[in-house]
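Chemist: One-letter residues, chain by chain:
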Amino acid sequence: MALEVMARNAAPIPLDVRFRVEPGELLALVGHSGSGKTSLLRAIAGLWRPDTGRVTVDGQVWLDTDARVNLPPHRRHVGMVFQSYALFPHMSAAQNIQAAMAGACAEERRAEAGRLLDLVNLSGLGGRRPAQLSGGQQQRVALARALARRPRALLLDEPFSAVDRATRERLHAEIVALRAHLNMPVVLVTHDMNEAQILADRIAVLSKGVIVREGSTPELMSDPVALRAMGLREVAAMLSARVAGQEADGLTRLDTAGGAILLPRIEAERGVPIRVRILAHEVILARARPEGLSAQNILAGRVRRIVPGEGPGVMVYLAIGDEEIVSRITRRAAESLALAPGDEVFAILKSMSVARDHVGRAPSARSEM
Amino acid sequence: MDWTALALSLRLAGWTVAILLPISILAGRFLAYRRFAGKGLIEALVMLPLILPPTVFGFYLLVAFGRNSPIGGIWQEMFGHQLVFSFEGLVVASVIFNLPFAIQPAQRGFEAVGEQVREAAACCGMSPLASLRQVELPLAWPGILTAMTLTFAHTLGEFGIVLMVGGSIPGETRTIAISIYDRVQAFDDQGAGIMSAVLVGISLATIAVTYALSARIGRRLG
Numbered sequence: 001m002a003l004e005v006m007a008r009n010a011a012p013i014p015l016d017v018r019f020r021v022e023p024g025e026l027l028a029l030v031g032h033s034g035s036g037k038t039s040l041l042r043a044i045a046g047l048w049r050p051d052t053g054r055v056t057v058d059g060q061v062w063l064d065t066d067a068r069v070n071l072p073p074h075r076r077h078v079g080m081v082f083q084s085y086a087l088f089p090h091m092s093a094a095q096n097i098q099a100a101m102a103g104a105c106a107e108e109r110r111a112e113a114g115r116l117l118d119l120v121n122l123s124g125l126g127g128r129r130p131a132q133l134s135g136g137q138q139q140r141v142a143l144a145r146a147l148a149r150r151p152r153a154l155l156l157d158e159p160f161s162a163v164d165r166a167t168r169e170r171l172h173a174e175i176v177a178l179r180a181h182l183n184m185p186v187v188l189v190t191h192d193m194n195e196a197q198i199l200a201d202r203i204a205v206l207s208k209g210v211i212v213r214e215g216s217t218p219e220l221m222s223d224p225v226a227l228r229a230m231g232l233r234e235v236a237a238m239l240s241a242r243v244a245g246q247e248a249d250g251l252t253r254l255d256t257a258g259g260a261i262l263l264p265r266i267e268a269e270r271g272v273p274i275r276v277r278i279l280a281h282e283v284i285l286a287r288a289r290p291e292g293l294s295a296q297n298i299l300a301g302r303v304r305r306i307v308p309g310e311g312p313g314v315m316v317y318l319a320i321g322d323e324e325i326v327s328r329i330t331r332r333a334a335e336s337l338a339l340a341p342g343d344e345v346f347a348i349l350k351s352m353s354v355a356r357d358h359v360g361r362a363p364s365a366r367s368e369m
Numbered sequence: 001m002d003w004t005a006l007a008l009s010l011r012l013a014g015w016t017v018a019i020l021l022p023i024s025i026l027a028g029r030f031l032a033y034r035r036f037a038g039k040g041l042i043e044a045l046v047m048l049p050l051i052l053p054p055t056v057f058g059f060y061l062l063v064a065f066g067r068n069s070p071i072g073g074i075w076q077e078m079f080g081h082q083l084v085f086s087f088e089g090l091v092v093a094s095v096i097f098n099l100p101f102a103i104q105p106a107q108r109g110f111e112a113v114g115e116q117v118r119e120a121a122a123c124c125g126m127s128p129l130a131s132l133r134q135v136e137l138p139l140a141w142p143g144i145l146t147a148m149t150l151t152f153a154h155t156l157g158e159f160g161i162v163l164m165v166g167g168s169i170p171g172e173t174r175t176i177a178i179s180i181y182d183r184v185q186a187f188d189d190q191g192a193g194i195m196s197a198v199l200v201g202i203s204l205a206t207i208a209v210t211y212a213l214s215a216r217i218g219r220r221l222g
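Residue numbers (full-length UniProt numbering), protein chains in the order written: chain A, 1 to 369; chain B, 1 to 222.
Because the hints were derived from the structure by calculation, they are not lab data.
Small disclaimer: the values here were computed from a predicted structure and weren't measured.
Honestly, I wouldn't trust all of these hints.
Computed, partial: chain B to chain A, Cβ under 8 Å [stated by the list, open to error]:
id : residue
1  : C123
2  : Q134
3  : V135
4  : M164
FRET-style restraints, in silico, Cβ to Cβ [to be verified]:
id : chain 1 : residue 1 : chain 2 : residue 2 : range
5  : B       : G14       : A       : T167      : 51 to 61 Å
6  : A       : A67       : B       : G38       : 25 to 35 Å
7  : A       : A104      : B       : F59       : 58 to 68 Å
8  : B       : G171      : A       : A104      : 47 to 57 Å
9  : B       : R216      : A       : A104      : 25 to 35 Å
10 : A       : R49       : B       : L41       : 43 to 53 Å
11 : A       : D58       : B       : P70       : 54 to 64 Å
12 : A       : R49       : B       : G38       : 20 to 30 Å
13 : A       : R75       : B       : F87       : 39 to 49 Å
14 : B       : G40       : A       : R49       : 21 to 31 Å
15 : B       : G38       : A       : D118      : 50 to 60 Å
Think of the CB as a built atom: it goes at the ideal place given N, C-alpha and C, for glycine as much as any other residue.
Just need the whole structure built from these sequences, with the hints factored in.
Modeler: Rendered as structure tokens:
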């Protein structure tokens with residue numbers, strides 16, 4: 001069921017890429033506008049044809065320019081969520097969803113549409129027209145419509161860019177929860193590295209039509225080259241955690257492999273697994289467990305490797321249990337601490353340095369949602 | 001009151017609408033979606049009847065459809081009578097003359113559907129025909145309705161071109177507009193007045209029905 005894509009194009013959209021997405025895997029294509037990421041998605045859907053290309057899903061050929069195969073979009077089993085949702089304005093939410101279903105009798109279609117509405121938390125709103133729904137609700141209808149097709153590949157084109165920040169966070173959490181139902185390859189196009197980090201299993205960074213870096217999300221997020229291609233100065237790591245309890249002062253206590261940490265309140269039940277994004281420049285290192293410090297979060301770890309960066313900084317990669325976080329400190333500091341791979345160190349982070357949208361529900365939460 | 005003329009005008013308008021409905025959908029959709037070299041020229045050609053004096057346009061049609069023209073000759077061969085000065089000739093002239101009224105609003109209607117919505121229809125597995133039926137026509141409908149109303153009302157009132165191509169043969173080419181003119185020429189002001197009032201009434205009713213339908217569609221899309 002894997003999705004395999006190869007596309008080459010000269011002008012006006014230069015492109016030269018090749019990638020593969022496994023069933024159930026979510027690949028984020030990240031890049032600036034003009035990097036060719038949306039064109040790539042459109043090539044998979046059949047809405048745009050590159051000069052040379054090949055798109056196969058589960059051995060079924062959708063596009064093969066050499067063999068002169070180019071299925072029109074309606075004959076590719078693709079689910080697409082557009083940036084502006086592109087709902088049919090004259091149909092109700094339920095009708096929008098049913099419009100994407102092939103065959104089946106009216107009764108079954110209604111039942112299936114109801115099931116999908118439940119799945120995207122829109123129970124009871126099936127009768128509303130798109131104009132009567134909020135942006136976030138429209139986005140959910142668009143997602144349900146894409147799933148109604150029972151697609152062999154799900155394509156998401158900047159699906160969260162048109163909603164406000166609070167809605168976006170909620171939708172991120174819903175997508176993560178929905179992953180249990182997505183057993184097809186999923187491709188997410190976004191320019192938001194944070195979004196990619198929270199949602200994706202794997203990230204491919206696209207620049208001027210070429211994939212400059214590709215790898216698992218933790219790998220990519222601690223790779224300065226990939227981040228620079230994105231114009232990001234902030235290297236960050238994702239740390240898995242589990243909600244341990246809510247404190248009376250508004251903080252949330254989390255358990256991690258490196259010990260307990262406190263973060264600004266996270267609306268989640270006890271025991272819910274989440275992922276916390278920790279920015280490298282917010283992490284301070286110490287040889288010994290510090291005392292009398294205002295920072296509450298001290299994680300015990302071991303130095304894995306030290307990578308010199310450009311200028312006076314170095315990246316120190318720490319093993320926390322079987323995960324990794326990154327600290328960006330000065331070369332001078334690293335030398336005065338005499339850090340070397342294998343050394344035991346303590347990483348200190350301020351509770352307030354973790355912004356709200358840096359917390360996402362973990363994909364590993366699938367079975368529990 | 002010349003009921004024959006009124007019936008003829010309604011028949012002419014009906015035929016014109018019936019023929020132009022599929023043409024406006026196909027041509028309007030094509031012009032709305034496609035980008036190609038020479039598109040501006042084609043759009044200008046479609047609009048030409050709008051700015052040409054009806055007599056000039058009628059004159060050219062008379063020449064083009066006359067007994068000595070290729071088209072007129074073939075018609076004469078096939079049906080045994082002239083194309084000009086016949087009801088069929090009027091229908092053909094009326095269809096051509098109404099092209100801008102039929103195509104332009106339909107084109108605007110299809111343009112309003114939006115590219116992404118059409119792409120979404122394709123990604124939902126709809127064939128081009130299914131997409132037209134389920135998504136494009138319901139959304140472009142106000143434009144098409146406007147096109148047909150304009151065509152209908154405009155055909156009822158057209159004078160110059162009918163006179164040039166059809167003349168004034170009772171029951172064949174004498175439409176209500178021609179009949180009104182004839183009455184005025186015969187100093188029958190009362191007859192002309194009644195028929196004019198009837199024409200105003202029908203035109204107003206047509207527009208009113210269209211507005212009511214458009215408003216209903218507007219509420220539906222609200």
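Chemist: Taking the hints in turn, state whether each one holds.
Modeler: Tested hints:
1. With 8 Å as the threshold, the beta carbon of B:C123 comes within range of chain A, its nearest partner Cβ sitting at about 4 Å, so the hint holds.
2. With its C-beta approaching chain A no nearer than about 6 Å, B:Q134 sits inside the 8 Å limit, and its interface hint holds.
3. For B:V135, the interface hint holds, the least distance from its beta-carbon to any beta-carbon of chain A being 6 Å, beneath 8 Å.
4. Given hint, B:M164 at the interface with chain A, is violated; its Cβ is 43 Å from that chain's nearest Cβ, farther than 8 Å.
5. A hinted range of 51 to 61 Å holds for the C-beta pair B:G14 and A:T167, which are about 52 Å apart.
6. Judged by the Cβ atoms, the range 25 to 35 Å given for A:A67 and B:G38 holds: they are separated by roughly 34 Å.
7. Taken as a hint, the range 58 to 68 Å holds for the pair A:A104 and B:F59, whose Cβ atoms sit roughly 60 Å apart.
8. In this structure the hint that B:G171 and A:A104 lie 47 to 57 Å apart at CB holds, the actual value being about 56 Å.
9. The given range of 25 to 35 Å is respected by B:R216 and A:A104, whose C-beta atoms sit roughly 31 Å from each other.
10. Remark: the range hint 43 to 53 Å for A:R49 to B:L41 is contradicted by a beta-carbon distance near 28 Å.
11. Between A:D58 and B:P70 the beta carbons are some 58 Å apart, a value that agrees with the proposed interval 54 to 64 Å.
12. At roughly 23 Å, the beta carbons of A:R49 and B:G38 sit within the given window of 20 to 30 Å.
13. A hinted range of 39 to 49 Å holds for the C-beta pair A:R75 and B:F87, which are about 47 Å apart.
14. Judged by the Cβ atoms, the range 21 to 31 Å given for B:G40 and A:R49 holds: they are separated by roughly 26 Å.
15. For the hinted restraint 50 to 60 Å between B:G38 and A:D118, the CB-CB distance of approximately 52 Å keeps it satisfied.
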